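K.L.:
Here's the letter readout for the chains.
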Amino acid sequence: MNNKSTLSAERRNKTILSVVLTVICVIYVLPVLTVVLNSFKLNTYVKTDTFALPKGEMWAGFDNFIKGMTFGNYPFWKSVVYSVVITLLSTALILLFTSMAAWYIARVNSIACKAIYFLCVFSMVVPFQMVMFTLSKTADALRLNTPWTIPIVYLGFGAGLAIFMFVGFVKSIPLEIEEAAAIDGCGPLRTYFSVVFPMLKPTMISVGILEIMWVWNDYLLPVLVLDINEYRTIPIHIQYLKGSYGTVDLGATMALILLSIIPVIVFYLSCQKHIIKGVASGAVKG
Amino acid sequence: MNKQSPLRRFWKTPLRRWAWLFLGPVTAAFAIGFVWPFLQGIWLSFCKFKLIKDAKFVGFSNYAKALTDPSFMHSFWYTALFALVSLVLINVLAFAVALALTQGIRGSNLFRTVFFMPNLIGGIVLGYIWSMIFDGILSRYGTSILMETKYGFWGLIILMCWQQIGYMMIIYIAGLQAVPGDMLEAAKIDGANKWQTLFRVTIPNVMPSITICTFLGLTNGFKLFDQNLALTAGQPFLIQADGSSIKTTEMLALNIYNTFYTSNSASQGTAQAKAVLFFILVAGLGLAQLAFTRKREVQQ
Chain A
1 MNNKSTLSAE RRNKTILSVV LTVICVIYVL PVLTVVLNSF KLNTYVKTDT
51 FALPKGEMWA GFDNFIKGMT FGNYPFWKSV VYSVVITLLS TALILLFTSM
101 AAWYIARVNS IACKAIYFLC VFSMVVPFQM VMFTLSKTAD ALRLNTPWTI
151 PIVYLGFGAG LAIFMFVGFV KSIPLEIEEA AAIDGCGPLR TYFSVVFPML
201 KPTMISVGIL EIMWVWNDYL LPVLVLDINE YRTIPIHIQY LKGSYGTVDL
251 GATMALILLS IIPVIVFYLS CQKHIIKGVA SGAVKG
Chain B
1 MNKQSPLRRF WKTPLRRWAW LFLGPVTAAF AIGFVWPFLQ GIWLSFCKFK
51 LIKDAKFVGF SNYAKALTDP SFMHSFWYTA LFALVSLVLI NVLAFAVALA
101 LTQGIRGSNL FRTVFFMPNL IGGIVLGYIW SMIFDGILSR YGTSILMETK
151 YGFWGLIILM CWQQIGYMMI IYIAGLQAVP GDMLEAAKID GANKWQTLFR
201 VTIPNVMPSI TICTFLGLTN GFKLFDQNLA LTAGQPFLIQ ADGSSIKTTE
251 MLALNIYNTF YTSNSASQGT AQAKAVLFFI LVAGLGLAQL AFTRKREVQQ
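Heads up: the sequence lines are chains A and B, in that order. Here this note's numbering is used: the first residue of the first sequence is 1, the next is one more, and so on. Here this note's numbering is used: the first residue of the second sequence is 1, the next is one more, and so on.
In short, the hints are calculated from the structure, not lab data. Bear in mind that the values here come from a model prediction, so they are computed numbers and not experimental data. Some hints could be false.
A few chain B residues facing chain A, derived, Cβ under 7 Å [stated by the list, open to error]:
| hint | residue |
| --- | --- |
| 1 | Pro25 |
| 2 | Pro37 |
| 3 | Ile105 |
| 4 | Gly122 |
| 5 | Gly136 |
| 6 | Lys223 |
| 7 | Ala253 |
| 8 | Ile256 |
| 9 | Phe260 |
| 10 | Phe278 |
| 11 | Ile280 |
Computed cross-link-like contacts, EDC-like style, restricted to lysine to aspartate or glutamate with a CA-CA straight-line distance of at most 20 Å [what the hints assert, rightly or not]:
| hint | chain 1 | residue 1 | chain 2 | residue 2 |
| --- | --- | --- | --- | --- |
| 12 | B | Lys194 | A | Asp63 |
| 13 | A | Lys47 | A | Asp63 |
| 14 | A | Lys78 | A | Glu179 |
| 15 | A | Lys47 | B | Asp182 |
| 16 | B | Lys188 | A | Glu10 |
| 17 | A | Lys273 | A | Asp249 |
| 18 | A | Lys137 | B | Asp54 |
| 19 | B | Lys53 | A | Asp49 |
| 20 | B | Lys50 | A | Glu10 |
| 21 | A | Lys137 | A | Glu230 |
| 22 | B | Lys53 | B | Asp69 |
Note that the Cβ used here is the ideal one computed from N, Cα and C, for glycine as well.
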């Protein structure tokens, strides 16, 4: 009897919890929904009727999207291309070279290795503002200021977390596998690329996702390093919508924001499990 | 096992010959992207310069200027308050949500998916989304988020909660799932009520997650830049008696940025000194906080 009543109380609690969570969930989605609503609304109504449905005279159809894609002196599609190029190149570069370095550091473990590892961990606590001025000057001097070369800057500034995560993982791989490869006559290169590299896959995915999220959304590094008259990424483009015009066309801005978050949300929903796992394992730093 | 077995030494030797390939690219990029800018930054904080090549050593005068700059001190206190409030709010709410989502409610996965989603949206975009929302609400009362410091402050807090709760929640969920079930069972059998179980069993066991989340919350709060720039960019401005202005919602990172790039040209040295102070502050706070919570972790 007593047992039964606690059971039903527990069920009631769970129902209440579900309702509360559902309400929070709706509140969470509202901002994104507001973006969708306003991207179809005439600019003059965005400020006055932010939360109204875009119907009747407020309806702008796809005008905001057309305007957003074309207005200004910089076409939106170009920033999309540059964002994609920079993100993919940087992530590929970081994954390849930091995993190689991490394997070497974990296996050889000489004084030089320890020094590099220590510096990498140290770099994780240094805020970007500390190096932003000198880094952008150095990058300019070395001509790392184009979308094709800026990945080298990302490799340098982002190496810390990647090396930290890879070293942690390599240390958990038993040495015997690599020794067996060595006995079978594999040199270091083959041992790495055909034995170690495939084993690193789970960490590759985690690191890759963290780097993609970082580089894709990064604003300050590219705006300081790139020549922004020629190259803009999506965050730079959106920030400069405000700068280049006296008054901002909010409708068009929202249309561009919607266009820029759709791929992110699709990416998230399609590899959600990996993303959440990546974040959980990346957080175990410090 | 003996680490220096002959086979291992034999095997390491050929690997060392490939050091240039394995370590070379990362070391070179790391030198360009971090080590050199970092060292040069420290050196330049003691110099007066407009262009790096004609930097002149001036001792600590940049630091003196930075510490007597009212806008810098204002942004320091503003940032500290912001970091503290956001740290507490985000962590308490994220922990509560994580606790709710580990009770085995139907739809937990859907909730988790939705709560984490804002994390993938970049800071600049988030800033513009929320400035539209806040202005949509505040315009009904004839005001705007750019009109009052307190609107800017709480606006940024709401934005950061929206973005960060999902992230911290993921870490807390991982921690909560690792709490040994038999320990919770034992507490129940011993007659502990829910609150006792929470504070005596659950929280001590998720201390590692709390360490990480408070560390991230604190450093994220202090390092915040994109969201600050996009939401208010420091507005409203307070005009001082001497004609200079204080950007009342400007946080430390934005203050450093503005000192570098938007104020008069002689201020780069001061800006670099501010950046060094900022680095010492963030690194020091982060390490102190780690040491503080690490002590409270239970060994399993």
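K.L.:
Give a verdict on every hint.
P.N.:
A quick look at each hint next to the structure:
For Pro25/B, the interface hint holds, since its Cβ comes within 7 Å of a Cβ in chain A; the closest pair sits about 4 Å apart. For the restraint placing Pro37/B at the interface with chain A, the shortest Cβ-Cβ distance is roughly 4 Å, inside the 7 Å limit, so the hint holds. The beta carbon of Ile105/B is positioned within 7 Å of a beta carbon in chain A (closest approach about 5 Å), and the interface hint is therefore held. A distance limit of 7 Å between C-beta atoms decides the matter here; for Gly122/B the minimum to chain A is near 3 Å, and the interface restraint holds.
The criterion of a C-beta within 7 Å of any C-beta in chain A is met by Gly136/B, whose closest approach is roughly 3 Å, and the hint holds. The closest approach between the C-beta of Lys223/B and any C-beta of chain A is roughly 5 Å, which is under the 7 Å cut-off, so the hint is satisfied. A distance limit of 7 Å between C-beta atoms decides the matter here; for Ala253/B the minimum to chain A is near 5 Å, and the interface restraint holds. For Ile256/B, the shortest C-beta to C-beta distance to chain A is roughly 5 Å, which falls under 7 Å, so the interface hint holds.
Restraint check, Phe260/B versus chain A: the minimum CB separation of about 6 Å is within 7 Å; hint holds. Below 7 Å, beta-carbon pairs count as interface contacts, and Phe278/B has one with chain A at about 6 Å; its hint therefore holds. Hint status for Ile280/B: violated, given a least beta-carbon distance of 9 Å to chain A, over 7 Å. For a cut-off of 20 Å, the pair hint linking Lys194/B to Asp63/A is broken: about 56 Å separates their Cα positions.
With a C-alpha separation of about 17 Å, the suggested pairing of Lys47/A with Asp63/A holds against the 20 Å cut-off. For the proposed pair Lys78/A and Glu179/A, the alpha carbon gap of about 49 Å is over 20 Å, so the pair is violated. For the hint pairing Lys47/A with Asp182/B, the CA-to-CA distance comes to about 56 Å; that exceeds 20 Å, so the pair is violated. A threshold of 20 Å between alpha carbons decides the hint, and for Lys188/B with Glu10/A the separation of about 15 Å falls inside it, so the pair holds.
Between the alpha carbons of Lys273/A and Asp249/A the distance comes to roughly 37 Å, so the proposed pair goes past 20 Å and is violated. In summary, the hint linking Lys137/A to Asp54/B is supported, as the alpha carbons are separated by about 14 Å, within the 20 Å threshold. The straight-line distance between the Cα atoms of Lys53/B and Asp49/A is roughly 54 Å, outside the 20 Å bound, and the hint therefore fails. Proposed proximity of Lys50/B and Glu10/A is contradicted: the alpha carbons are some 68 Å apart, above 20 Å.
Pair hint Lys137/A plus Glu230/A holds up; C-alpha atoms about 18 Å apart against a cutoff of 20 Å. Taking the CA atoms of Lys53/B and Asp69/B, the gap is about 26 Å. The hint is violated against a cut of 20 Å.
This entry does not satisfy hints 11, 12, 14, 15, 17, 19, 20, 22, going by the numbered hints stated previously.
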